[in-house]
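Participant: Chains as they are written, first to last, in the working numbering: chain A, 1 to 287; chain B, 288 to 574; chain C, 575 to 1174; chain D, 1175 to 1774.
There may be inaccurate statements among the hints.
[To be verified] Anything over 12 Å on all C-beta distances counts as not near chain A; from chain D, calculated:
| no. | residue |
| --- | --- |
| 1 | 1205 |
| 2 | 1221 |
| 3 | 1319 |
| 4 | 1397 |
| 5 | 1421 |
| 6 | 1583 |
| 7 | 1668 |
| 8 | 1691 |
| 9 | 1710 |
| 10 | 1742 |
[Said to hold, decoys possible] Some chain C residues judged to face chain A by a derived CB distance under 7 Å, without partners named:
| no. | residue |
| --- | --- |
| 11 | 640 |
| 12 | 755 |
| 13 | 772 |
| 14 | 773 |
| 15 | 789 |
| 16 | 814 |
| 17 | 829 |
| 18 | 832 |
| 19 | 833 |
| 20 | 836 |
| 21 | 855 |
| 22 | 997 |
| 23 | 1001 |
Calculated from the structure, these hints are not laboratory results. Beta carbons are placed, not taken as given, at the ideal position from N, Cα and C, and that holds for glycine.
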Amino acid sequence: MLKLADYKTDEKSWWCPGCGDFGVLAALQRALFNLGKPPHEVALIAGIGCSGKIGNYINCYNMHVTHGRALPTATGVKLANRSLTVIAAGGDGDGYAIGMGHFLHALRRNPDITYIVMDNHVYGLTKGQISPTSDLGFSTKASPQKNIERPVKPLQLALAAGATFVAQGFSSDVKQLTRLIEEGIKHKGFAFINAISPCVTFNRVNTYDFYRQSLVNIEELPGYDPRDRSWAIRTVIEHNELVTGLIFQSDEPSYEAQIPGYREEPITEANWEISPEQFEEVLAQFR
Amino acid sequence: MLKLADYKTDEKSWWCPGCGDFGVLAALQRALFNLGKPPHEVALIAGIGCSGKIGNYINCYNMHVTHGRALPTATGVKLANRSLTVIAAGGDGDGYAIGMGHFLHALRRNPDITYIVMDNHVYGLTKGQISPTSDLGFSTKASPQKNIERPVKPLQLALAAGATFVAQGFSSDVKQLTRLIEEGIKHKGFAFINAISPCVTFNRVNTYDFYRQSLVNIEELPGYDPRDRSWAIRTVIEHNELVTGLIFQSDEPSYEAQIPGYREEPITEANWEISPEQFEEVLAQFR
Amino acid sequence: MQNLISWKIGGEQGQGIDSSGDLFATVCNRLGYYVYGYKEFSSRIKGGHSNYKIRVGVEPVASTSDDLHILVAIDQETIDRNHHELVPGGFVVADTAIGAKLPEGRGARLLEVPMTEIANEVGNPRVKNVVSLGVTAYLLGLPVEAFADLLSRTYGRHGKEVVAQNEAALQRGYAYALEHVLETPWKLAPSDGKPKLLMIGNEAVGLGALVAGCRVMSAYPITPASEIMEWLQREFPKVGGVVVQCEDEIAAITMAIGAGSAGARAMTATAGPGLSLMQEAIGLAHAAEIPVVIVDCQRGGPSTGMPTKHEQSDVLAALYGTHGDSPRIALAPSSAEEAFYDTVLAFNLADRYQCPVFVMMDLSLSLNKQTVPELDLSKVTIDRGLIADQEMLESSKGEGFRRYKVTESGISPRSLPGQPHGQFLATGVEHNEFGKVSEDPKNRTAMMDKRLRKVSQLKLDGLRYQGPEAPEALDVLLVGFGSTAGPIDVARRTLEESGIKCGHAHVRVLAPFPAEELTALMKRAKLTLVVENNATGQLAKLIKLFVGDVIRAELAAAPGKAVSDPLVRMESLLKYDGRPFLPREIVSKVQEVISHAKAG
Amino acid sequence: MQNLISWKIGGEQGQGIDSSGDLFATVCNRLGYYVYGYKEFSSRIKGGHSNYKIRVGVEPVASTSDDLHILVAIDQETIDRNHHELVPGGFVVADTAIGAKLPEGRGARLLEVPMTEIANEVGNPRVKNVVSLGVTAYLLGLPVEAFADLLSRTYGRHGKEVVAQNEAALQRGYAYALEHVLETPWKLAPSDGKPKLLMIGNEAVGLGALVAGCRVMSAYPITPASEIMEWLQREFPKVGGVVVQCEDEIAAITMAIGAGSAGARAMTATAGPGLSLMQEAIGLAHAAEIPVVIVDCQRGGPSTGMPTKHEQSDVLAALYGTHGDSPRIALAPSSAEEAFYDTVLAFNLADRYQCPVFVMMDLSLSLNKQTVPELDLSKVTIDRGLIADQEMLESSKGEGFRRYKVTESGISPRSLPGQPHGQFLATGVEHNEFGKVSEDPKNRTAMMDKRLRKVSQLKLDGLRYQGPEAPEALDVLLVGFGSTAGPIDVARRTLEESGIKCGHAHVRVLAPFPAEELTALMKRAKLTLVVENNATGQLAKLIKLFVGDVIRAELAAAPGKAVSDPLVRMESLLKYDGRPFLPREIVSKVQEVISHAKAG
Ligand SMILES: Cc1ncc(C[n+]2csc(CCOP(=O)(O)OP(=O)(O)O)c2C)c(N)n1
Ligand SMILES: Cc1ncc(C[n+]2csc(CCOP(=O)(O)OP(=O)(O)O)c2C)c(N)n1
Ligand code: SF4
Ligand code: SF4
Ligand SMILES: [Mg+2]
Ligand SMILES: [Mg+2]
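Just chain A, with the same shape it has in the complex:
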């Protein structure tokens, strides 16, 4: 019998007390448990950052890759073994700065992966520089100049890039975030979840309090239909991205579903040997 404890490790946490990432970790563990995914059938690919350390605290197959490259790596894992539940995770710097290109291409490629960005509007691990989602005017000790670059809007970008699943959660609402992650994992395609996850050490602006006061649950908007892309775009713009819940979902075929000749059986389990007959058939083109 699976227990929630099965997803935990005995690694001491390297996160600061109060860090939003704890909530995201808890939600992910709970979502996997609720869905009954055994740890050995889950692969978590994380980037570099405080957020990227999530793999230290969850018992499953973990990868901790180079900064910004969680998504292409996760895609490779999925392609190799499509029976795995593949989760990618990382920070706002990891995903929206150095990883921006991969993010947009994963969205349009639509592999069956769940991508959780732990968005704290700051570079935590490198001690508090501005990040692509930092507010205009934001500054810190490590970034003494006020931010003059308009923040990336992950939800709008994802919608424009052809996302088939867009959600936003808040790390202190573990219940909602758990559900969103569950939905994301169940989604047959690329599920993007921006998880607002405050950095209590370097971000004095985008705090728990700030979010508690400003976040709106999109699912409570009267009649909101997450299947309506233009409604989603409109709402996200209107609320300046400060919404939580399932924002958009559509049923487009996943990448794996469309690869020519790709099989139900995972590549890792297939017989790779080529018979002499097959070989001869291939060689014909060279004769």
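Dock chains B, C and D with the ligands against the given chain A, drawing on the hints supplied.
Facilitator: For chains B, C and D with the ligands alone, coordinates are given in the frame of chain A:
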């Protein structure tokens, strides 16, 4: 007296006869001429691709950088000498595949640069692979598998990324394209122009004929207001990006206008020497 | 009757030069001859002079040649640029329509053929080049039916009429030559008639990957590597594999690493600029001990350099380009045949040593069509290396699986996602045996040593030698890697014929470097000449380092004895103008250094 | 009275270890002492043991020390981890509240101070560490007012009350020590009293860039390089410069290249992972001949490795990491002072040689606070190299400007955007003199040679030697680069005191390598020991290559003569556990190799 011929070089063209890039080149030369920008005050930074060879045929300060990096390089040129007219150019692969991250970050950074993408929905120089804007199902000799990745929508992405100037032209309508480039150069901020530029050698789908039949001039839509972002988004989605004209423009301060302590006088012309007094002032923090 | 002839067709890019050359090469190959093709083209799509030279012989040939017997000229530029290669008695086959002029003094003969006229007469202006193939068939004494056969196979899908036009053009060309050329000195001797394959090196790599069990290939297009992706896109659907054309090279390598870590056999292929972009991720694969095969098709560098020109200048970047200490395994095939087997080997090494493995190609090897003897599938085995079995994993249940167990060999059994109880953290951060991040100094040293040990213990058959056998002394030892094998081999034979005792050591494994083997050969030689296509002597640097280490160890072990250092008698022949070596360039350099050594 | 003492404070990250250490170091520096600080921290934000050791002397010190005189322990872990460094008679200053236990047998003394209690009494629990500074002042015999001064300057902006609380804590600590410690053997001798600067190497780089005229800095945050960007963000607004925190390192380097090509002085700064990502663009700057300065702050590799740990393992990646042939200029400062002047030099070299220039830092050098003697602004000049003047450009009017003119030096005058008639194409593709793409083999060779020539002709003062002067023979020559200078220097003195003739050659320029100078020194030595912080001996590899070349040239020039090869008598001392060398590690290795050599 400036002549249009001043913008030409005697370099033999390496492009195929009929290539769309000829029209883009002509429009750019004409726009510069119309605006009276002398060749030595223009810097053109191009990526790698057939499109990237544009710098061979235009007389100005040219850079031909690594694949996908025209935008950060152009930003560096502009920051060093803000009195230059800085143009960045490249292909759809250059800009939307390997250069995607830089594209989106340039958009939000908003430096005073004009960026022209010569979009032929294919990789020309490497002999015809699919590109990020290739249609679903598109295939070629070099990419024998049908494309299963949903195409990038450059206009929607730009709008979602906070673009302050978005236009689309068609290389066979040199007149309109010239005007759009002129507007882009005049725009104080990042001007993004997607120039549809058919590849006659490797793309048998997105041909001149196809575009002639499907493109709609957005400026002719009744009452269309390029200052209205949500209208722009709506229209671009509705027409599946097949519009030409000035799609959106807003007046937000350029990057250079906001850099703390940045001066009107170009850095390249400033006196870089530090006086002993200044030096002593700086050293105080180390005492 | 000739054992070896050279044929070339030239014209503007886009004028069917490629397809005519390919046709000719294929016919010769099917007739049992050994073929080696060499294309000269530029980084543009249409226009610009391009030519395609094909060497045909009754014995293996793996080099383009110094001379030329038949030149098919589609335009005057082709004559102007290429006539100097012609041997006395050679033919220039030119379309009457171009009013060709042949410069004096070559002793070659201009054969004007109304190619355009014939093509128009048979009703298809595009079959112009086929006329020249008919002429060629006659001049070389090859059966014109072999050409007809191939033409009908090639153009079959265009319909009967097109096939008929092609056949007519061919026969008219043959007839014209028969009528106008009384005798031809260039008739080819009969071939051994054995069945052969004709392919470019990149196809051989694809084929190797296919049979090695590679099923995930992620790459980004780049000259001269794209054909690998293209070929696998055609073949993988039949075996359930996937090719992803990524957004860039960083995505390509990390996707392959992801697939490798999940247990598939995965690869990427690129050229210099892509290699440079992959450097960070290569370090990740090394540090996290993930198998992945990286094919680097070298071209003219640095930077964008000369994308369509041959060079061998990525060696140091492949071996030392990522930050930190990260020793490599790098194979360097020198023919399409070796490229096939080496690719298989690369996958086995990647799995056995759990690390990135390079297959270093070069443009000539990647793109030149060459004859490959029958490939032996029974020589192909798939060795997955150490993978933990369920028993091992069960027994680790309490404490967790020690994925990075410090072992004597440095290799630790790995678990694959999906295996119960095998969970661990694969990371590029320094980690302990479980993969958990660790900054402990002792652990760090142990982990570094473990990773270094893996490769340092590896012994591969890293050198191929041809020439006089020991203990005979050598006047000169030629050393090279990659596609220089062909020209060096031709040069060596030429030199031997002129009485020079000449050996040829070809480095087949760049890392770990076959230092002992090479040292032994260098000691036998009065002079060593390192022949490579780059400007700074990258192979020579490796020799200085690793042969140097061997020599110094010997000196240190026998302080009194006079060990003479063969590195002192080593010189370099470097060519970096974008062209591969011609055998005669090597021959004259050897003659020069030998006479210099005698004089000095 | 002591000429040299070591002090350390330890506790959990986030417990004010850094600020207390900085305060102590600053006071000592202001009092005219030479200070060297060494922080041990991990790649996490809060929690985990961290400590800060500061060496204080009346003469320059540039190394952390083997021993420890005073340990301020905020928790028991600090004692457990660090007590072994304590000298007999050393003090452990611990908060009474932690109930410290001092292991037996060190001969050190536990001084329990009610730090928490005092802090609470003065009304601010956060001033706990300040109490220990008061104790420290007493123990070292330093004027407590100097501490009070600095505290009021530091906390002034927090208001009078905070300042008063800090001062009270300080005085109470001092008083407590005065009362409970009868005599202290660790009183510092008077300093030379000269004014000094205290900074980390990264600040020195920033300062160098500022005075060298750098006005564009583009980078991406990474440990241990971020402070350069941070510091310049504070200073550039005053001089009209711009710092861009880019989306990644590729943007950072290409933005700097863009700025460099437009005529600004531009730089980027990064660590290993960023260096790997920049490899492609570095080749572009080389091929298009664009000046740019790249600072690489080395840390534990490969891959993400040990981000907060010291290492010197990016040498080969910096020199050979981009594809193609692309020789480098790379400086390696060994102190903050040198980092300042070298950064200035780097900008001048980049402009003079029109190419990328590396400043190779390492984590210890980047982050350790150290005393810097007064910096001499008059030694700073800005040399822009060859820039075409208007006359030259006018005269090129007809044919266009030959930006890449093939010259004897390899350097060609460049035009800058904005200059009339100076238009050209700057490209990473092989080009002709005008910058236009060219595939001509002759042009290619000429252009490669031109670029190689530039660097090969460069002569820099690439070595710093300390030790017995020629013609005296050396028992051992120690060779290092970067921040190993300090520990090697201390080791050399210790060895000399024990009668061993010891020289120290510190490589200041990694490329072009100072081979002749080093060869001469190595020849004088019975043994050479290369001391470096990496696992594969990267500096040793350079020595083998380039000193080897010198020796082989000598051997070739005098075939009969017995030239003994000093490379045979070379050994390596490698440390790659994330910690810098302690002097005693070097000393014992030298003793070992010497006795081994005698025995052997
Ligand atoms: C190539 C590379 N560049 C830079 C770094 C340094 N680095 C580590 S984490 C990080 C950013 C952290 O920010 P984010 O992704 O938002 O994660 P957070 O720490 O906030 O969770 C950076 C720049 C790196 N490890 N690799
Ligand atoms: C790092 C790198 N990767 C790959 C290439 C090869 N390459 C050259 S151009 C090009 C793409 C061309 O497509 P696009 O940008 O659309 O330009 P087009 O030729 O269609 O104008 C590629 C992949 C390269 N030069 N550098
Ligand atoms: S620094 Fe911020 S993001 Fe990092 S662990 Fe601490 S609170 Fe979390
Ligand atoms: S290949 Fe296509 S894009 Fe390139 S020059 Fe030819 S037509 Fe233009
Ligand atoms: Mg963050
Ligand atoms: Mg294109």
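Participant: For residue 1205(D), is the shortest beta carbon distance to chain A beyond 12 Å?
Facilitator: 27 Å, holds
Participant: With a cut-off of 7 Å on the beta carbons, see whether residue 855(C) makes it to chain A.
Facilitator: 6 Å, holds
Participant: Checking the smallest CB distance to chain A, is residue 1221(D) really beyond 12 Å?
Facilitator: 7 Å, violated
Participant: Return the status of the interface hint for residue 772(C): holds when the least beta-carbon distance to chain A is below 7 Å, violated otherwise.
Facilitator: For residue 772(C), the interface hint holds, since the closest Cβ of chain A sits about 6 Å away, which is under 7 Å.
Participant: If we take the beta carbon of residue 1742(D), is the closest beta carbon in chain A still more than 12 Å away?
Facilitator: Non-interface label on residue 1742(D) holds, nearest chain A Cβ at 41 Å vs cutoff 12 Å.
Participant: If you take the shortest Cβ to Cβ gap from residue 1001(C) to chain A, is it below 7 Å?
Facilitator: Result: holds, 4 Å to nearest chain A Cβ.
Participant: For residue 1583(D), is the shortest beta carbon distance to chain A beyond 12 Å?
Facilitator: With a cut-off of 12 Å, residue 1583(D) remains clear of chain A, as the shortest Cβ separation is near 39 Å.
Participant: Could you check if residue 836(C) really has its C-beta closer than 7 Å to a C-beta on chain A?
Facilitator: Constraint on residue 836(C) satisfied, holds at 4 Å.
Participant: Beyond 12 Å from every Cβ of chain A: is that where the Cβ of residue 1397(D) lies?
Facilitator: Violated, since 6 Å does not exceed 12 Å.
Participant: Do the numbers back the hint for residue 755(C), that is, is its least Cβ distance to chain A under 7 Å?
Facilitator: Violated - the Cβ of residue 755(C) stays beyond 7 Å from chain A, reaching only about 31 Å at its closest.
Participant: Was residue 1319(D) rightly flagged as not at the interface, with every chain A Cβ beyond 12 Å?
Facilitator: About 29 Å separates residue 1319(D) from the closest Cβ of chain A, which puts it past 12 Å; holds.
Participant: Minimum Cβ distance from residue 640(C) to chain A below 7 Å?
Facilitator: 28 Å, violated
The structure does not agree with the numbered hints 2, 4, 5, 11, 12 stated previously, though it agrees with the rest.
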